[in-house]
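Peer 1: Kindly generate the complete structure, drawing on both the sequences and the hints.
There are 4 protein chains.
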Amino acid sequence: MSANSFGQILKITTFGESHGPALGVVIDGCPSGVEFSHDLLTANLERRKPGQSSVTTARQEADQAEVLSGVFENKTLGTPICIIVKNQDADSKAYEAIKSQPRIGHADDTWKLKFGHVDHRGGGRSSGRETLCRVIAGSVAQMICEKLRPEIKVRGYAKQIANFILTPEESENVWHTNIDNFKTRFPSQRENEVVALLEKAKAEGESFGGVIEVKINNITAGLGQPVFHKFKADLGFAMMSLGAVSAFEIGEGFASSQKQGTEFHSHLSGAQYGGIRGGITTGETIDFRVGFKPTSSIKDLAKKGRHDPCIVPRAVPVVEAMTWILIADHLLWTRLDRI
Amino acid sequence: MSANSFGQILKITTFGESHGPALGVVIDGCPSGVEFSHDLLTANLERRKPGQSSVTTARQEADQAEVLSGVFENKTLGTPICIIVKNQDADSKAYEAIKSQPRIGHADDTWKLKFGHVDHRGGGRSSGRETLCRVIAGSVAQMICEKLRPEIKVRGYAKQIANFILTPEESENVWHTNIDNFKTRFPSQRENEVVALLEKAKAEGESFGGVIEVKINNITAGLGQPVFHKFKADLGFAMMSLGAVSAFEIGEGFASSQKQGTEFHSHLSGAQYGGIRGGITTGETIDFRVGFKPTSSIKDLAKKGRHDPCIVPRAVPVVEAMTWILIADHLLWTRLDRI
Amino acid sequence: MSANSFGQILKITTFGESHGPALGVVIDGCPSGVEFSHDLLTANLERRKPGQSSVTTARQEADQAEVLSGVFENKTLGTPICIIVKNQDADSKAYEAIKSQPRIGHADDTWKLKFGHVDHRGGGRSSGRETLCRVIAGSVAQMICEKLRPEIKVRGYAKQIANFILTPEESENVWHTNIDNFKTRFPSQRENEVVALLEKAKAEGESFGGVIEVKINNITAGLGQPVFHKFKADLGFAMMSLGAVSAFEIGEGFASSQKQGTEFHSHLSGAQYGGIRGGITTGETIDFRVGFKPTSSIKDLAKKGRHDPCIVPRAVPVVEAMTWILIADHLLWTRLDRI
Amino acid sequence: MSANSFGQILKITTFGESHGPALGVVIDGCPSGVEFSHDLLTANLERRKPGQSSVTTARQEADQAEVLSGVFENKTLGTPICIIVKNQDADSKAYEAIKSQPRIGHADDTWKLKFGHVDHRGGGRSSGRETLCRVIAGSVAQMICEKLRPEIKVRGYAKQIANFILTPEESENVWHTNIDNFKTRFPSQRENEVVALLEKAKAEGESFGGVIEVKINNITAGLGQPVFHKFKADLGFAMMSLGAVSAFEIGEGFASSQKQGTEFHSHLSGAQYGGIRGGITTGETIDFRVGFKPTSSIKDLAKKGRHDPCIVPRAVPVVEAMTWILIADHLLWTRLDRI
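Residue numbers (numbering that gives the first Met the number 0), protein chains in the order written: chain A, 0 to 338; chain U, 0 to 338; chain V, 0 to 338; chain E, 0 to 338.
Heads up, a few of these hints could be off.
Where chains are identical, the list cannot tell them apart; a pair therefore holds if satisfied intra-copy or between any two copies.
In silico DSS-like cross-links for lysine-lysine, where the CA-CA straight-line distance does not exceed 27 Å [claimed, not checked]: (1) Lys98 x Lys111; (2) Lys98 x Lys74; (3) Lys85 x Lys74; (4) Lys146 x Lys111; (5) Lys199 x Lys258; (6) Lys146 x Lys74; (7) Lys111 x Lys152; (8) Lys152 x Lys74; (9) Lys258 x Lys182; (10) Lys152 x Lys182; (11) Lys74 x Lys111; (12) Lys298 x Lys48; (13) Lys258 x Lys48; (14) Lys298 x Lys111; (15) Lys298 x Lys258; (16) Lys98 x Lys146; (17) Lys48 x Lys199.
Don't read these hints as lab results, they were simulated from the structure.
Peer 2: As structure tokens, then:
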């Protein structure tokens, strides 16, 4: 089965446990001739890396990517690309207790119940560390898009952390801001307050949730399939497959459920559709939001310092990566639309 | 490609245009020996059928299902089950105008742009009529579940229509109510007001959105795959693949994004997780919500009477069908979990 | 699962039992804008039809194809194409005996053992009648190829029936011969002897095997994938999936196993490779052979006249159909080779 | 796409170029709880390894397998198993010439034509070195089978090398012989002659083809799917996907094409069917044969000593590996047959 695969044309298969020897991904279906940018890959991994700031987990990982196949003389070969990252700072001793006592909010018990035999160390494969592989695959997808459609832009940022919510002006401003200048990726003048909140939470074993918003500009029109693989459905699937995510909406989302048709459908096009009609991109800006629960590791577990008080800041590059994978997947898929 | 397939073990492939000769579905992966209930199938199709009440479209379709294969002596054979429904009341003349002028809020133009050649009549394959095939497949899935796990219950209902929202008590009461006794599937004493609103909307070419909530009781623990095919991810994909849907959330959903961890994660289990942890069902009640936009056909288009002023009432059996397909799919999948 | 699907980009899913209401196929992944030729489809079905001559089964079937979806104004829509054929001359009474006594050489007992519940009538889904669906899908594939690469030619014919074997001259002559002018599709002056042999066999409940050879001319170079989906592997899979087939070889096949390298690899290109090197088409003529066992229905079973004394004549259009499907599949697939 | 994947339930995805950093495989769909035998894996890799005897290539590779994921405390976790082998003796300089001049009988030119950009060193991904990954995956499959059905035995051996052919007695004797005691895996008293022939060929730049025969004993009945994934079809696909293979037959194979039905179908069961009827295993011994062309590297290319004068001896464990993968795949698949 393909329990660990994602995508139709550009198909990724991820593997690896949090405290095993390595994690990685095989990317099948990447065309030949794509220039491979190690810099882009490294930069994206840096953005997701643990230990990057005072508001993230203290786990130290170099997260150095090794390209094992599919790339030659800095170009893709059309063969499967395998890229791995070896684990280093895997402090498994801290997890001995889990063997007998499942952690609140985690998958320890459901996993055990399902598979019987589990790697209890650091959550094994249900650790957030698996998102590393998504960032790798997303980077390759981004390289494909940059070759095919360099005008496409993807921008993710924290729309909300705890009770801090971006103002409409701050939200609109994100294309003119370097999101990564903000530790929490909450692009607001109030960010110092958010930082303080998260630092305090980290010290005290508290945690918070939040919402990531993503905008896609200059997207090619005609992406998405009519029935099951609507572009919005693939986006929803991609986002809901992330560990801490509990909600997804596109365009006006839940708010549209309270609108009247004559008000909502005022123009043929419009931001209310989130850039998608009939499951197919219109070419207008796509925007969607992803809701994250508070981090599950709290109190004593969290105080050991190896957990994020809020996962949103580090999840931004992951959400962007999944978005790039889908864009590349559907861009390639359109080659099959017409005879 | 499998643009028109859904499911991993129980794989359905749908086909058919709104005004073509027929619509249908092939269900591959259904085990042999499942008792086939024509009554259940008919009942589910009746619940989705157009023209069923004063608050739905006036299109008249018998929606009579013909089983072409895979069933013999009222039992499944383990071979692919093909079931079709022929179109009858396909009034295509009303759609001549679309050829030159795309309808607001519809997929006419994105579709044309993608495929070049389109069946403009009644939205072709992007018509809501395609959900018929989902209800057929969902019925077969329900038969599988009734054999494997008769205790599982799925209950969908309108949580919100326009600005009417169920009270918490009404929501809790749904297991003791026959939802189908309510024309709008909004199980409330205020339903007469909702009916009046929708009848008026139908007459005036207005439309409304809404929210469907689904609860799953007595679900088997251990369903779902650790990474991409988390149970919540497959649910999100299923729901976002429906035409008018713009939002999905599970458990506390977006509301959880504003909670503190020490408050949210107060117990090992709990309703806040929506019955899923680490992507895997815990055995507790699953609950999720699906947000629908107002129907796209408004004003003159809608006044011709062949459109629903709010799609929520007829979408309830569709949402339930997709849920059954996923439950059956994952129930079968667990057979592969352990050696 | 996809037990009943074939192909990667052009994906077909077949359904139907020999004595059920209908058989059919859903073709997913056919691009929009392909001209649909009902004449080609009908002609191919005629070539496979039972009862077409004195050397085939007496079962009478109109085999009239109904296109249910995916085609509008004689062009494909890019949506799934479903085409069915209803069964008519299903004389099921003759099969009552099988319920208790499995037929020699058939799948009656293996099937029963696997699925428990079976449709014993006429072999159910393991009847050769399922190849009807392959001919339908192959016809659509042929339409795709005619649009993309009209120069490609596929020619199948009986290379051997019983102990009659084409001379090298007769084999070479096949492009200048109308194979269908030969009842047995054995294009030789000795065909009258083969006809006499098969007519006698039909009367006496005897049966024979044979070999079909296929040549592909003007094939596009570059078709096939490097490792698992080598063009020769997909061909081997396609042919070995036919009921009565027990052998497959390409180019010099088994004969090459006895050759010396310095003799065999005398030139960069050459007929010895069968038009494929490294799994990828070179553009040279492809040739392969498919070995068929004698028909399983013999003696009393066969004398009832509803079985073919040798399946090779009717299998020629089926083998060609599978070849077209693969060519179309790989032609479309090459669109994904390079960025 | 899944150009580099094989299998339906037990799905393997291979990667790696002959002279790249590493080759490997991801195995998805392996149930949890399978005891992982490093010894079995190592033993199988030793059997395939280059440089193992005087009749194989002189390339020296340790072929040491590193398990990166999916195994913990010597048991499988139910998560994807990634196993890699790093390349060491990659003497790429010898391949500089290929850049401008494609080698006879190789894929250098077809590959270039397809992908444009290629890794010319050692054949890149179309090198026989990719079969390493098949042996790894086959070993895991064998571990699964040993847990589920320890009675199943797979035995491969050279049936023919050049013009040396096993006698029927030698063929029947293979279950009582340690095939690996024969350098060429041709289990005959005449093996010394075969060795001499191949040593001479190696010195002189000559090469030979051959035939591998495989027998499967005590196979579970009921494996295989009715239409496309017949057990024989999957076997044919698996074998034809190997680089040097040009022919495949099962049971009596091509010889059956010359038989009369009343002679061939003399008994309900029987060796003539090769252990498969209707595509489904009967439980009787399965036997099939795989035809190999002479090695493509001849004359000067071969004299450099890094090529096998006949690939059959080293291909035996590869053919066995593919067989194990299919058995495990179909064994797991039968869990889905019945409700």
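Peer 1: Compare the structure with each hint and give your call.
Peer 2: Hints, one by one, checked against the model:
no.: 1; hint: Lys98 x Lys111; verdict: within (10 Å within a copy, 45 Å between copies)
no.: 2; hint: Lys98 x Lys74; verdict: between (45 Å within a copy, 16 Å between copies)
no.: 3; hint: Lys85 x Lys74; verdict: both (23 Å within a copy, 21 Å between copies)
no.: 4; hint: Lys146 x Lys111; verdict: between (44 Å within a copy, 21 Å between copies)
no.: 5; hint: Lys199 x Lys258; verdict: between (40 Å within a copy, 16 Å between copies)
no.: 6; hint: Lys146 x Lys74; verdict: within (12 Å within a copy, 33 Å between copies)
no.: 7; hint: Lys111 x Lys152; verdict: between (41 Å within a copy, 25 Å between copies)
no.: 8; hint: Lys152 x Lys74; verdict: within (23 Å within a copy, 36 Å between copies)
no.: 9; hint: Lys258 x Lys182; verdict: between (36 Å within a copy, 21 Å between copies)
no.: 10; hint: Lys152 x Lys182; verdict: within (21 Å within a copy, 45 Å between copies)
no.: 11; hint: Lys74 x Lys111; verdict: between (42 Å within a copy, 14 Å between copies)
no.: 12; hint: Lys298 x Lys48; verdict: within (23 Å within a copy, 53 Å between copies)
no.: 13; hint: Lys258 x Lys48; verdict: between (41 Å within a copy, 25 Å between copies)
no.: 14; hint: Lys298 x Lys111; verdict: within (23 Å within a copy, 55 Å between copies)
no.: 15; hint: Lys298 x Lys258; verdict: between (42 Å within a copy, 15 Å between copies)
no.: 16; hint: Lys98 x Lys146; verdict: between (48 Å within a copy, 26 Å between copies)
no.: 17; hint: Lys48 x Lys199; verdict: within (21 Å within a copy, 56 Å between copies)
Checked against the numbered hints above, the structure violates none of them.
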